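There are 2 protein chains.
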Amino acid sequence: MPVVVATIRTKPGRREDVLAAFRRHTPAVHAEPGCLLYAVHAGEDRVTVIENWADQASLDAHSAGPALAALGAEIAEALAAPLDVAVVEPVPYGEPGKDRLPNT
Amino acid sequence: MPVVVATIRTKPGRREDVLAAFRRHTPAVHAEPGCLLYAVHAGEDRVTVIENWADQASLDAHSAGPALAALGAEIAEALAAPLDVAVVEPVPYGEPGKDRLPNT
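Those sequence lines, one after another, are chains A and B.
Note that the first sequence covers residues 1392 to 1495 in this note's numbering.
Note that the second sequence covers residues 1392 to 1495 in this note's numbering.
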């Protein structure tokens, strides 16, 4: 269950183009084996994707797969900074239910 | 239901100190009105917190509240870069259930 937080900082005026690419490719990502969560969010200067994968093999397959390659190619020119893709581990503190993503 | 992704880049060797501060203060954050999710994660060079708040007023109260002030003071010296706190909006594409955090 690797959790991934991908931060895509967008050039001024290009965020909607990046979101459109995610709209096109997210269904294929959701259909990939082991995809538990791939949730796209929009911030002022960025698109942030919160992901959860069943296991490392699923994440590895996604990282090497055609949907991500197509998406990456389509958004490359709209990036204001290098992609920041962090693989992170849940460290649940406090109240169960508020302390972690589902399925982690 | 504002979603927040807070990225805390930690100095080499200081990540465990930052996690310890989150361990101390996360229960108080979970008890704040409108806190739906406050999930701490550890990455190689960072601590990442994924948050969901019932409404903007809850997030504003948290941002101005004592738990965050205490946490911020305790971790300040361990940061490798300024805090990156992004308020983001769900943009659900694709398969329901995989497309968004719960309660968003």
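By construction, these hints were calculated from the structure, which means they are not laboratory data.
Don't take each hint at face value.
Each pair may be met inside one copy or between any two copies, as identical chains are not told apart.
[Unchecked claim] Pairs of lysine to aspartate or glutamate residues, derived as EDC-like cross-links and limited to a Cα-Cα distance of at most 20 Å, are as follows:
{"#": "1", "residue 1": "Lys-1489", "residue 2": "Glu-1435"}
{"#": "2", "residue 1": "Lys-1402", "residue 2": "Asp-1475"}
{"#": "3", "residue 1": "Lys-1489", "residue 2": "Glu-1423"}
{"#": "4", "residue 1": "Lys-1402", "residue 2": "Glu-1480"}
{"#": "5", "residue 1": "Lys-1402", "residue 2": "Asp-1436"}
{"#": "6", "residue 1": "Lys-1402", "residue 2": "Glu-1435"}
{"#": "7", "residue 1": "Lys-1402", "residue 2": "Asp-1490"}
{"#": "8", "residue 1": "Lys-1402", "residue 2": "Glu-1468"}
{"#": "9", "residue 1": "Lys-1489", "residue 2": "Glu-1468"}
Only a predicted model underlies this, so the values are computations on that prediction, with no experimental measurement involved.
For each hint, the structure was consulted:
no.	hint	result
1	Lys-1489 with Glu-1435	neither (25 Å within a copy, 23 Å between copies)
2	Lys-1402 with Asp-1475	both (15 Å within a copy, 18 Å between copies)
3	Lys-1489 with Glu-1423	between (27 Å within a copy, 11 Å between copies)
4	Lys-1402 with Glu-1480	between (29 Å within a copy, 18 Å between copies)
5	Lys-1402 with Asp-1436	within (8 Å within a copy, 25 Å between copies)
6	Lys-1402 with Glu-1435	within (11 Å within a copy, 27 Å between copies)
7	Lys-1402 with Asp-1490	neither (33 Å within a copy, 24 Å between copies)
8	Lys-1402 with Glu-1468	within (9 Å within a copy, 31 Å between copies)
9	Lys-1489 with Glu-1468	neither (37 Å within a copy, 27 Å between copies)
Hints 1, 7, 9, counting from the list given before, are not met by this structure.
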